[in-house]
Amino acid sequence: MTEPTIYELSSPGRVGVRFPDADVPPTPLPEGFVREDLPMPEVSELDVVRHFTHLSALNYSIDAGFYPLGSCTMKYNPKINEEMARLPGFAFTHPLQPVETVQGNLALMYVLQDWLKAISGFEAITLQPAAGAHGELVGILIIRAYHHDRGDSKRTKILVPDSAHGTNPASSVIAGYEVVNIKTDADGNVDLDSLRAVCDETTAGLMLTNPNTLGLFDCNVKDVIRIVHEAGGLVYGDGANLNALLGIVRPGDVGFDVMHFNLHKTFSTPHGGGGPGSGPVGVAAHLADFLPDPVVEIVEPGTATEAPLYGFAHPAKSIGRIKSFHGHFGMLVRAFTYIAMNGAEGMRAIAEHAVLNANYLMARLKDTYHVPYGRICMHEFVMEGKFDDVPDVRALDIAKRLMDYKFHPPTNYFPLIVHEALMIEPTETENKQTLDSFVDALLQIAQEARSNPELLKQAPHDTPIGRVDEVKAAKDLVLCCWMPDAV
Amino acid sequence: MTEPTIYELSSPGRVGVRFPDADVPPTPLPEGFVREDLPMPEVSELDVVRHFTHLSALNYSIDAGFYPLGSCTMKYNPKINEEMARLPGFAFTHPLQPVETVQGNLALMYVLQDWLKAISGFEAITLQPAAGAHGELVGILIIRAYHHDRGDSKRTKILVPDSAHGTNPASSVIAGYEVVNIKTDADGNVDLDSLRAVCDETTAGLMLTNPNTLGLFDCNVKDVIRIVHEAGGLVYGDGANLNALLGIVRPGDVGFDVMHFNLHKTFSTPHGGGGPGSGPVGVAAHLADFLPDPVVEIVEPGTATEAPLYGFAHPAKSIGRIKSFHGHFGMLVRAFTYIAMNGAEGMRAIAEHAVLNANYLMARLKDTYHVPYGRICMHEFVMEGKFDDVPDVRALDIAKRLMDYKFHPPTNYFPLIVHEALMIEPTETENKQTLDSFVDALLQIAQEARSNPELLKQAPHDTPIGRVDEVKAAKDLVLCCWMPDAV
Amino acid sequence: MFIPHTNDEREAMLRVIGVEKLEDLFRDVPEEFRFPRLNLPPALTEMEAVEELSELALANEGTRDLACFLGAGAYNHYIPAAVDAIIRRGEFLTAYTPYQPEVSQGTLQAVFEYQSLIANLTGMDVSNASHYDGATATAEAAVMAYHNFRGKRTKILLAHTVHPQYRETVRTYMQGYTDLTIEGDNVPDDALVSPCDTLSGQIDANTALVVVQYPDFFGRLYDYTEMVEAAHAQGALVCIATNPIALGLLKAPGAFGADIVVGEGQPLGIPLSFGGPYLGIFATKKDYVRKIAGRLVGETVDGEGRRAYVLTLTAREQHIRREKATSNICTNVGLIALASTVYMSLLGKSGLRKVAELCYQKAHYAAEEIASIPGFSVCSGAPFFHEFIVCCPAPVEEINAHLLDHGILGGYDLGKEFPSMKDRMLVAVTEMNSRDQIDALVDALKEFSND
Amino acid sequence: MFIPHTNDEREAMLRVIGVEKLEDLFRDVPEEFRFPRLNLPPALTEMEAVEELSELALANEGTRDLACFLGAGAYNHYIPAAVDAIIRRGEFLTAYTPYQPEVSQGTLQAVFEYQSLIANLTGMDVSNASHYDGATATAEAAVMAYHNFRGKRTKILLAHTVHPQYRETVRTYMQGYTDLTIEGDNVPDDALVSPCDTLSGQIDANTALVVVQYPDFFGRLYDYTEMVEAAHAQGALVCIATNPIALGLLKAPGAFGADIVVGEGQPLGIPLSFGGPYLGIFATKKDYVRKIAGRLVGETVDGEGRRAYVLTLTAREQHIRREKATSNICTNVGLIALASTVYMSLLGKSGLRKVAELCYQKAHYAAEEIASIPGFSVCSGAPFFHEFIVCCPAPVEEINAHLLDHGILGGYDLGKEFPSMKDRMLVAVTEMNSRDQIDALVDALKEFSND
Ligand SMILES: Cc1ncc(COP(=O)(O)O)c(C=O)c1O
Ligand SMILES: Cc1ncc(COP(=O)(O)O)c(C=O)c1O
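Chains as they are written, first to last, in our numbering: chain A, 1 to 487; chain B, 488 to 974; chain C, 975 to 1425; chain D, 1426 to 1876.
Looking at chain A on its own, in the form it has when it is part of the complex (with noise of 0.2 Å):
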């Protein structure tokens, strides 16, 4: 069934909520400025929560089932989250208030500061960022503002390994740099010869995932990290992968300079079908006065009897505002909420149990699939998509095939470096029993495979739509629906 759109369900005339009546005496519409049609659909109240329902029922989610979407760590969200987020004294605050009127905004945005500067081990955080490439932006920004505030402008590079992620590359252009691709060595770590190949004078910074988008702990980091800050540059740590290292490895003790969190992925704050996010920055003691406008901070310190008065202070050599107001609050107070439920043992039990869920998958999974970098993996691995002996079969035949058994794919295609990639990442919310029907619907697949490899190509089968004509939504470009005429 294709469910109508709120266009087409639309009859001219009807009403959905309504407002009362102005209590003012009116006046007149300012002339000239009135539009003369709102083509906007009219429905009832009961048309849009049925309409929504059932596009609900079309999407695949972790409340509904595994989602081992690999560098996205779709972990179980706490219902609690979306409660607290939901009081009152947060929802209804408004971003401009006087800060005597929300101290408690504030002191939830100050201790979250300092947990994450805990949870790192760097020196400054900023909450402002909305999601791990706003981050990106802003750690480079601030790297470049670094070098140019020691008066150092001719720094014009960030390397870039060729297994990072998109926006690595992406946010290092737009803060105006050039991007030099650094290579991967045989064991899945930044190729040391490569990377000192290109340092020099004009590397303003590496930017590092670590572990990397092949799941693996880069074994040189302290190496990578030194021959960087020998030519002069600094080290970015892409954060999306942390929810690895929480208690076993603080990225800022390494001798990262800055990094950003994604408290959509580590912190268990919900995806939303594409955001909110949230993208806190943590930087290292020489780049904290270039964090973006405003920080919170302390500005009248407490007494033994009377709590501190928080409020907005502004880093010395700030890069500026970065976005409207401060940040995602309410992402703030979902991550606040699941770090206070977690505590420090409870840091590193997630990453030791999403750990242990990647390599028991790996374990189990590698007779059958092929695992390139076959070395303990850290919160996922990437294997191959493809079998020797039925060519034909490719990655994506077998993503869309979980489909059919109830799975949502891993990420496919992604990191480049290996071929017809599937990027698994099951987190540590998942039981035993779960991670066992998925190697037994992997395992099935590959026999499928060789037995009946259209099964394959033609999944999925059992999905509310099937594979879709990308190059006709291409060509076409309908990007839009218009009012259906009036009846």
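Keep in mind the hints are simulated off the structure, nothing from the lab. All figures in this text were calculated on a predicted structure; none of them were measured in a lab. One should not assume that every hint holds.
Stated by the list, open to error - Here are the computed lysine-lysine pairs in the BS3-like style, where the Cα-Cα straight-line distance is at most 25 Å:
#1 Lys1420(C) - Lys959(B)
#2 Lys472(A) - Lys1716(D)
#3 Lys944(B) - Lys959(B)
#4 Lys1260(C) - Lys641(B)
#5 Lys1577(D) - Lys1710(D)
To be verified - Short, incomplete list of chain A residues facing chain C, as computed with Cβ under 8 Å:
#6 Gly13
#7 Val17
#8 Arg18
#9 Ser44
#10 Leu46
#11 Asp47
#12 Gln447
Stated by the list, open to error - Anything over 10 Å on all C-beta distances counts as not near chain B; from chain D, calculated:
#13 Ile1428
#14 His1430
#15 Val1441
#16 Pro1455
#17 Arg1459
#18 Thr1470
#19 Gln1600
#20 Gly1682
#21 Lys1710
#22 Ala1807
#23 Arg1860
#24 Asn1875
Where is the CB? At the ideal position from N, CA and C, for every residue including glycine.
With chain A fixed as given, assemble chains B, C and D with the ligands onto it according to the hints.
Coordinates of chains B, C and D with the ligands only, in the frame set by chain A:
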């Protein structure tokens, strides 16, 4: 896919929601009273969320589609009701708090009592009954108490039309009465001759549903009431069908002595898969003293500047307490919200459009399906789910086949006086487009009955499961699952 | 509000029906009563309704504003957020009673699981799919017992330690059974005497049912094994009313040999909500399964042999049996039963035990501290779970007013229902009462005692 | 917390992996840094976390406690309950970006509808699937315009009447584009002069983009048709930042000829939530569709010809194009876009118009009343929508402190960002401000004026 039971998901030692450790010194556990095993499931929070998310997807619901279940008034349940019932000020009050601390609750109940009086024409209201059937029991006990109070203890019979809902006779019996069935006449009204024939000094009362379960307004209602009253009996109104009468006619005005409301039908509180409901009872002045204990009253009148003090009062000749505490308060909040948002004009519009929708469906269907009582109906109508030329096809088959068209079937095989009854109640919140597609489906099914009757006999085809083996269920009688043996 | 019809659609529909205007649909209604003016305030939009309702809600002080030590049948427990997240789902919230199993497996399986959890928790064979609350479940037990003996046994014994509101409700329900006597609950001079003692002499061959409570209304624990044996020796049935939260720690009533277990399910994840909707638990032995009231879900298979659930033994029910039904119940409290199912699942074996232990430990700490205040003593006279009796040096109402001034919702005034228990307060303590709260209660009582 | 592993399962899994203990999985981590002690407070259970968070929330006073006249880019509107009921559904809440269309049609169609509603509301051809907020959407417009001219036009003009935070954000985003100048927003002595006047002389053949706001930061309305024509005559693009709620009543910016429309979508059913998450609106003409940032959903068909939706033109995006992408955006604010879609659907044509009119009417009533207070005047100097400038007889901070004492959240202190606007307050009025609230504001200002 069959969803495992919560016990099948259990894994020994797995922990869901945690609680803090005790912050008080320990006390030894009570000797001899500590249980040895606690055979409850051991699952994670994610296990639970997923399990019930899966289960929910197996249900049909108003939020998902048209639910024309006759006699049940499956109208849209506004989302705002749910928010209001969850306001902490309501949800976190204990039923035995001092009245001074719950004036908001009591004011709401008092006002709701007033509104229900205004809508129904009765003089006094109890909000305590938990559902319609509970209200019936209360009403019949009130009738009983009334007669006994007058020293009239020889009345042993309650008259119940043969079209009545099963709860009517059942409630009468629980209250200690013998049930006498009354025939329905050819027009679908109470047969006056049959009624006269049985009315005598043993008649305690009559239970009348009006509009009755055929969806017809009993044209003889005034006569019916007069005849019963003349015999010294009282008339109970089953208010399940009040949706048709809002702002159209007040049962109290017509002479009913007592009536229950179904807040979960008429006043939009959700059905919840089988409750909770709420079944307040309204009575004429002569019955007010018999209401169950307690009712909400003003105990200290207000002044120009101060609100009155609300409290509980105890009717002088009360039948007694009929449940713990004061009724389904959470449902009262929802009904209050609904009435507040409709007002007098809204009430009438509800009834008018509920009746409009039913008559529209009947008009469009009556040439294809036999409607035994063809006059203008109220909020619902009953048609026969059978065709003379395909005697094999039954109402049940039509009902099941409707599921394949994504509609919930109408009530079937009720009322008992219509063969192969299909009882259709669209409610006022459904739009013409939905009604038209429902009609189209039924017309299509009528054709299928001729062209491919097996399609109906085997239906449904497109639901999570097919027709179930009800005999096996009653014979094998598996009513529980147990903890699987520990691994 | 919520009516989707446009003028054009309304006109078109009236034309199909063959009438001119909406009024024409109501010709059967006696003209003199037709279209009354309803005395209701003007309709509010949603935005205005929120304001009005919020004002009413703010006019209350509740268990989030006050430290709550009030129980007496309704208890302040922590409800995990996932409970509400699940029962809010429209698929559960806006479905009807699952008469059509093909499109109701969600509700049906959830109810089946509810039945299973309750049977396991209470130690019984079967549970039905819910009654309105603990009081009405108790009344239904009485009705069932009466019919079990086809009216040939005409005595029902209620212990005086059963919740007064349950006892009242039984009496109200059964006032039409004129041959029946309901007794046993005359409160003895010493109201604290064991119900086993008061009842022992009264059970005879005319007794259909004996009802006791566990923990009893005063929070106390008694082993009913002997009493059950004595009742069974006379051929009578025994019903034990229980608090399901206590059963996370305590022996199941089934272990005492109870024939019926009823209870107030509210502590299992249901908000206090000023008294309702709550949950009536009803479990029994297999022998009585055909006699119980209400809905039952059974396991079966569909045409393809897939496991499926369906309402079963419906021949007991009013919609099939009408005047011969075992009860008049129709709508029950399905969604609340679902909430309790989710709650029990979330807490599971370890959580249910933990909560019960926290209640027990904190209550005993509170009791000990209160007992040490001059003028106050704890006089439950038997082991107790999470509720105990405090003998006070002044009327409970006075003490409670003092406590309220200190932000504390005091216990239940036992003198109200039990004249011999003047100046006794029933104090309930749950996992929600922090030690700080308990200490504050104790301090406030001390202050009172000093004044 | 939230980890399901039992000891047995953990052991079994370690055995399969072939290591002995969890620690063994981390041998690649440099030993000296391995397993640091994290300085975090002890873990709270859910029950304790609720208490802690509730305390923080209660330490705020918000728009439910205070009458709110504060806007300046975030507005207090009524959000129908159905919005939250829908976005809470796990199917939407816990899904990822819809890369796999077969199992993401829900999100995809909802985004498609979002794009449609925004295009219709703004009068543009296409909308993308969201930016983080109004400020970053504006910055992305600047980036797009710069790239549109392949860096050959190096001037971007920002009207001084564009939200100061948007202007700052544009500058931050573009600090790496060293050849670029961003200008036009030197605040003139008379800050209230029309942006059309200040900009007219500055648009030249080197201008890539002109950004104006509508209603502008001060709430005022200007017809930008001529300015757009002038810009187009120079080959420059024009971006209009807008408030979508105003467009329920006011001419769409598309009607002025805008090439890009951006805006803060928060007023469309998004809670204030102390500043985020909000919604960055971005719409443009078809000509630029291949240049825009972010996700786009297109309509297509599946193998059986059924209508289906899919992410399209992904070759613009970072995950395909990496350093050549039009933007680095990846996660956007999908769920907030969904919320706005539900909001726009629920209100529909009549509701959106009604809310806009209520804002307009109430703001003008408030303005008139305030203007009549001695010492106060309204000095917007142009037609306005729902926000206006009040010239005050004292520092705004002082007045706001006085208002706060009266339970009123006063307007925005314009002197903070615009030195020439000392003692001017920007007052916002929406449908949430009852006449009583407005009158209370006026009374409080009168009282201040009398003191
Ligand atoms: C490794 C990596 N880096 C960066 C990002 C970008 O983060 P965001 O989507 O929050 O902008 C992602 C997101 O998928 C990622 O996986
Ligand atoms: C006509 C009629 N009377 C009474 C009832 C019983 O109401 P309840 O289910 O609320 O107990 C119903 C319920 O379906 C009904 O339709």
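Tested hints:
For the proposed pair Lys1420(C) and Lys959(B), the alpha carbon gap of about 65 Å is over 25 Å, so the pair is violated. For the suggested pair Lys472(A) and Lys1716(D), the alpha carbons sit about 19 Å apart, so the restraint of at most 25 Å is met. Distance restraint check for Lys944(B) and Lys959(B): the Cα-Cα separation of roughly 20 Å lies within the 25 Å cut-off, and the hinted pair is therefore satisfied. A C-alpha spacing of about 39 Å is found between Lys1260(C) and Lys641(B), which places the hinted pair above 25 Å, so the restraint is violated.
Note on Lys1577(D) and Lys1710(D): the hinted pairing holds, with a Cα-Cα distance of about 21 Å set against a maximum of 25 Å. The beta carbon of Gly13(A) is positioned within 8 Å of a beta carbon in chain C (closest approach about 4 Å), and the interface hint is therefore held. Here the hint on Val17(A) is kept, as its CB sits about 6 Å from the closest CB of chain C, short of 8 Å. At a threshold of 8 Å, the smallest CB-CB gap from Arg18(A) to chain C is about 5 Å, leaving the interface hint in force.
A least Cβ separation of about 4 Å between Ser44(A) and chain C falls short of the 8 Å threshold, and the interface hint therefore holds. Annotation: interface hint on Leu46(A) holds; nearest CB of chain C at approximately 7 Å, less than 8 Å. About 7 Å separates the beta-carbon of Asp47(A) from the nearest beta-carbon of chain C, less than 8 Å, and the hint is met. A cut of 8 Å between beta carbons decides the hint on Gln447(A): the least distance to chain C is about 25 Å, and the hint is violated.
With a closest Cβ-Cβ approach of about 8 Å to chain B, Ile1428(D) is found to fall inside the 10 Å limit, against its non-interface label. Non-interface status of His1430(D) relative to chain B is broken: a Cβ of that chain comes within 10 Å, the nearest being about 8 Å off. With a closest Cβ-Cβ approach of about 16 Å to chain B, Val1441(D) is found to remain outside the 10 Å limit, as its non-interface label requires. For Pro1455(D), the condition that its CB be more than 10 Å from all CB atoms of chain B holds, with the nearest at approximately 33 Å.
The non-interface label for Arg1459(D) is consistent with chain B: the shortest C-beta to C-beta separation is roughly 27 Å, beyond 10 Å. Against the 10 Å criterion, Thr1470(D) falls within the reach of chain B, whose nearest CB is about 5 Å from its own CB. No beta-carbon of chain B comes within 10 Å of the beta-carbon of Gln1600(D); the shortest separation is about 44 Å. Against the 10 Å criterion, Gly1682(D) stays outside the reach of chain B, whose nearest CB is about 38 Å from its own CB.
No beta-carbon of chain B is positioned within 10 Å of the beta-carbon of Lys1710(D); the least distance is around 34 Å. Remark: the non-interface label on Ala1807(D) is consistent with the geometry, its nearest Cβ contact in chain B lying 38 Å away (cut-off 10 Å). Against chain B, the non-interface label of Arg1860(D) holds: every CB pair exceeds 10 Å, the least being about 20 Å. The claim that Asn1875(D) is not at the interface with chain B holds, since no C-beta of that chain comes within 10 Å of its own (minimum 26 Å).
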